[in-house]
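Construct the entire structure; sequences and hints are all you get.
Heads up: the protein sequence lines correspond to chains A and B, in order.
Going by this note's numbering, the first residue of the first sequence is number 1, and it counts up by one from there.
Going by this note's numbering, the first residue of the second sequence is number 1001, and it counts up by one from there.
A portion of the hints provided could be inaccurate.
[What the hints assert, rightly or not] One side only, chain A facing chain B, incomplete, derived with CB under 7 Å:
1) GLY43
2) LEU46
3) LEU101
4) PHE103
5) GLY106
In case anyone wonders, no lab produced these hints; they're calculated from the structure.
From the three backbone atoms N, C-alpha and C, an ideal C-beta is built for every residue, glycine too.
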Amino acid sequence: AQSVTQLGSHVSVSEGALVLLRCNYSSSVPPYLFWYVQYPNQGLQLLLKYTSAATLVKGINGFEAEFKKSETSFHLTKPSAHMSDAAEYFCAVSFQGAQKLVFGQGTRLTINP
Amino acid sequence: SAVISQKPSRDICQRGTSLTIQCQVDSQVTMMFWYRQQPGQSLTLIATANQGSEATYESGFVIDKFPISRPNLTFSTLTVSNMSPEDSSIYLCSVGVSGDYGYTFGSGTRLTVV
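Here it is in structure tokens:
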């Protein structure tokens, strides 16, 4: 069965430091991969998506992610963290023909001043 | 991308009652989904709302508990029936357009059952 695993339920970084949120997937077919952000008491906002084009995907708010098939990974990065990045981040996957999204467990990002 | 209006944004309900959540989209969409996010948890798909036919439910979710309607390509409702405190969650509507794969989410309905 297809699945998504986010390593680390809670990540804490200092303001200005590199942000790295990890996501690994399991799939027997080429996946479509997504990162969403959820701010407190709000819905989900799409940060970026991979749909079999360029393996390095740039998203909003300075985030980017790289699809690595050999590692079955789609880690999210941002070179310099900002206080406004504090939120819950979800990695999700869908598969050709299946359409629905399967979510990882989520990673809460905390930014220290 | 599509803009979703989800109502109500929050509600506090008595156990044993039912709540209907509405999802209105500003454009016609191919796919509409309903998710549940339990406190401190990730999102779990409840069902896919199919236009003009019965919804497709995921394992662990049944039509009697979560009846869904989708009368057209821009509107859907989810009813949480015979509620118990365990139904306290955030319920989210999501839409997608075939070939785009950029699923959009509503702001969610925060439900508390007392």
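query: Among all the numbered hints in the text so far, which are the ones the structure does not match?
result: The structure conflicts with no hint, since it agrees with every one listed earlier.
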